[in-house]
Amino acid sequence: MRHFLFLRTGDCSCGSIEYLITYKLSRLSNTENRGEAGVASGANRWPSNSGGDISDEQAALLRERARFVRLETIRLISIAKVGHYSSVFSCAEIFSTLYYDTMRIRRGEPNWPERDRFLMGKGHAAVGQFPILADLDFFDRSWLDDYTRLGSPLGDHPDMRKVPGVDFSSGSIGHALSNGVGMALGGRLQKQDFNVFVLLGDGEMQEGQVWEAAISGATHRLSKLVAIVDRNGYQLDGKVDDVAAVEPLGEKWRAFGWEVHDVDGHDVVALANLLRKVKADTDREKPCCIIARTVKGKGIDYMETEPGWHLGYLAPEDEARARDMILGGAK
Amino acid sequence: MSTILHPDSWQYREINKRAPSLATLADTLIELAEAGHPVVAGAADLQYSNGLVGFARRFPERFTQFGISEQNMVSAAAGMATTGVMPYVATFASFLALLCCEQIRMDVAYCAQPVRLIGHHTGISLGFYGTSHHATEDIAIMRSIADLTVISTADGPQFAAALRASVNHPQPIYFRISRGHDPVVYANDAPFEIGKAVVHGIGNDITIIACGMAVHSAKQAMEALNGKGHSVGLIDMHTIKPLDRDAVMAAARKSRIILTVEEHNILGGLGGAVAEVLAEEGGGARLVRHGIKDEYSLIAPPSHLYRHYKLDGPGVETVAQSLLA
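In order, the protein sequence lines correspond to chains C and D.
Just so you know, the first sequence maps onto residues 1 to 331 in the numbering used here.
Just so you know, the second sequence maps onto residues 1 to 325 in the numbering used here.
Hints are computed from structural coordinates only; laboratory data are not their basis.
Ideal placement from N, C-alpha and C gives every residue a C-beta, glycine not left out.
One or more hints might be untrue.
Stated by the list, open to error - Simulated coverage check for chain C against chain D, where a stretch passes if three residues somewhere in it have a Cβ under 8 angstroms from a Cβ of chain D:
hint, stretch
1, 163-175
2, 216-224
3, 234-241
What the hints assert, rightly or not - Each pair of labels, with its calculated beta carbon distance range:
hint, chain 1, residue 1, chain 2, residue 2, range
4, D, E31, C, K239, 52 to 58 angstroms
5, D, L99, C, R221, 51 to 57 angstroms
6, C, R221, D, D189, 40 to 46 angstroms
7, D, K17, C, T148, 56 to 62 angstroms
Could you build the full structure based on these sequences and the hints that come with them?
As structure tokens, then:
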């Protein structure tokens, strides 16, 4: 049964020595990563608001935060014993770029009315979003340590009722762009100038509601609405275009009346500069779709070649290899 | 905003003539918006059928035309609500409650957004349009969704009162209304409280518990039977969730029979909700559920269907009379 394809099944006992060692290592690493991040404490506006291309220093920060997302994803899934590794790894740079460069947010103020909104169509990648929300002081970092445990606010999908910083709940694929359409309509009516970013899976393109929302967004000229498609090419049952073909994707969005951009979703410089440009373009009257070409499982060689890692659990030795590869990528 | 008909167009005039209480939705929302409530509205290509065109004309910037994309409308309404507005979105009950069930659960009810869902032309009121356009399952589906209030109003004045009450209601609401032809039961100033049934009387023989269009029919039946010397009462259970359990039990303690009447499948709807209370609380009354008996309605004009399924005044009287024998 593909839904629960485990390449190797780890020791599921929380008390196992392997588990504790891995757990402590990842906590140490988390602390180190936070130290490197250098996100200005108390900063109200991220660098993108100053306009222009990103600096080498900012690019390094975004790459580092993407590594942080990957490492934390491994750590959290080791608590849950099953999770969506490769779905997060394809959009780790998108997460880091949005949260640490593109979006207007205030550290520690998840409900700031003027914040840019971020919604996830692919809610199953929430395990990669939670560490960022904690890092931004939207909730206490210790919440992460109880990921998915009984009563935890943090589950496999993001829940706005439970998790500060989640702008809308997700889990049922296909709703998020409509939610984003509503937020953009409401923002315009309320005379607020926030942007709404919606991260969609490429398999999600098979949901009819996405295209209902696409028509709505174009009809109502929602220029503050930006959809980002994580085009990693795979879904649970195989290659997206074998399962139910979505290409030509760019032409589809263009035909639906959206401005379309194509970008390497792992190149933080290209991604950040494009998002800055899109955000700064106040003349645009259309919503914007960014097709981010990505690799499912990016950064872990055995995941890049095995789509079954959409959902799985790493045995301790595989987890160690994955961590080495992620840290090695920093060199 | 969308293209709207000229106010003097034959289509608009004709719709308002045929279905005078259709204007209730728009008129009341205009009143609430003018009073300062952050009301916005949305339609899915049925702004004439639900009368929201009137709201669109008065507040074009507060109205969104979604076209034939009901699921998108519901999800977008939930997104809009996060920005501080209170969206009222309307479409045929069959599409709203059945097609958009999952969006209502996930985006509206679970996310606790103050969206007001207006399912109109409910039950079999669309007559010969057929089963695709009938909603005889919507109460059952909507009342099983946690944190969602379910209201089925009897006429235009009661719907207006319910809309006014809705601006201070903390939960999302599913309104189930008819097609604007509803015979009037209530005066414009009749008291209305969400969750509190209107008790027209408790009968020693029978108390009818009805909702929606069936309230008028049940009232006719009650008056006819009481005129013949029987003791028949009526409770208008306009709020199906949360159900007024006290009203049900008041009837159960006094009446020999409780007869539920609804334009809905007798499974899971008002009759089901009352049955749950009686089963849990006891009380001596026997329950009889009247409505659509787990079948798909025939095709006919609505008034013919109401006669056929004994949902008009004489029909309800016949059903009640048979229980008195």
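Okay, the hints, checked on the actual structure:
Coverage of a stretch by a chain is defined here by at least three residues with a beta carbon nearer than 8 angstroms to that chain's beta carbons; for the stretch 163-175 of chain C and chain D the count is 6, and the condition holds. Counting residues of the stretch 216-224 of chain C whose beta-carbon sits less than 8 angstroms from any beta-carbon of chain D gives 3, enough to reach three: the coverage restraint holds. Under a criterion of three residues with beta carbons nearer than 8 angstroms to beta carbons of chain D, the stated coverage of the stretch 234-241 of chain C fails, only 0 such residues being counted. Range check, E31 of chain D to K239 of chain C: about 55 angstroms between beta-carbon atoms, so the 52 to 58 angstroms window is met.
Roughly 27 angstroms separates the CB atoms of L99 of chain D and R221 of chain C, a value that falls outside the hinted 51 to 57 angstroms. About 44 angstroms separates the C-beta atoms of R221 of chain C and D189 of chain D, a value consistent with the hinted range of 40 to 46 angstroms. At about 59 angstroms, the CB distance of K17 of chain D to T148 of chain C agrees with the hint of 56 to 62 angstroms.
The structure does not agree with the numbered hints 3 and 5 stated previously, though it agrees with the rest.
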